[in-house]
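Per the working numbering: the sequence shown ends with 148, consecutive numbering throughout.
Please keep in mind that the hints were generated in silico from the structure rather than gathered at the bench. Small disclaimer: the values here were computed from a predicted structure and weren't measured. Among these hints, one or two may not hold up.
[As the list claims (entries may be wrong)] Between beta-carbon pairs, the in silico distance windows are:
1. A75 with P51: 27 to 33 angstroms
2. L114 with A146: 33 to 39 angstroms
3. A75 with R98: 25 to 31 angstroms
4. N132 with K94: 26 to 32 angstroms
5. A52 with D145: 41 to 47 angstroms
6. P17 with L133: 34 to 40 angstroms
7. L90 with G30: 15 to 21 angstroms
8. K85 with N132: 23 to 29 angstroms
9. A52 with P29: 23 to 29 angstroms
Built from N, CA and C at the ideal position, the CB exists for glycine as well.
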Amino acid sequence: MEVREILTILPHRYPMVMVDRVTELVPGERIAGHKCVAYNEPWFQGHFPAHPIMPGVLIVEAMVQIGGLLAHASDPAPGPKPKVVLFLGIDKARFRRPVVPGDRLDLSATALQRRGPVWKLRGEARVDGNLCAEAEMLAQVADASA
């Protein structure tokens with residue numbers, strides 16, 4: 003799944019789209035993809051100019067977005083209305099190493115549980131195979147409001 007298809011699913015737009023490509027998708031089970039971290043992204047001007055580090059909240063957002071793509075792709079009955087994935091909560095978030103410009107942030111999410119439209123997911127973010135961040139997330143697939 004390339005960015006054009008991702009943009010038809012996620013409501014986010016630049017600079018908040020945090021998934022550039024999906025490389026693996028097993029509906030109802032797992033998803034993998036990545037974000038290429040570039041120096042010209044707006045948050046690096048202030049976080050931190052002499053030592054740019056991707057903000058942890060944006061790493062979490064990237065994990066949530068990849069998990070949202072999994073939940074959206076796994077919805078068995080899309081129905082006539084467009085769908086949106088809503089972020090409901092996060093638990094057990096941990097940050098292990100910084101993410102800097104030039105890194106490829108490899109993202110993955112695994113379904114832990116599903117109750118109706120609500121998904122519990124485990125997300126991971128890695129650079130060169132090294133764990134950068136991990137979290138458990140709650141998301142809901144809902145009808146998009148007009």
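A quick look at each hint next to the structure:
At roughly 38 angstroms, the beta-carbon separation of A75 and P51 lies outside the given 27 to 33 angstroms, and the hint is violated. Remark: the range hint 33 to 39 angstroms for L114 to A146 is contradicted by a beta-carbon distance near 25 angstroms. Taking 25 to 31 angstroms as the suggested C-beta distance range, the pair A75 and R98 conforms, at roughly 28 angstroms. The beta-carbon spacing between N132 and K94, approximately 19 angstroms, falls outside the hinted interval of 26 to 32 angstroms.
Judged by the Cβ atoms, the range 41 to 47 angstroms given for A52 and D145 holds: they are separated by roughly 46 angstroms. At about 25 angstroms, the beta-carbon gap between P17 and L133 misses the expected band of 34 to 40 angstroms. A hinted range of 15 to 21 angstroms holds for the C-beta pair L90 and G30, which are about 19 angstroms apart. Checking the proposed 23 to 29 angstroms range against K85 and N132 shows it is violated: the Cβ atoms sit about 34 angstroms from each other.
A hinted range of 23 to 29 angstroms for the beta carbons of A52 and P29 is inconsistent with their spacing of about 44 angstroms.
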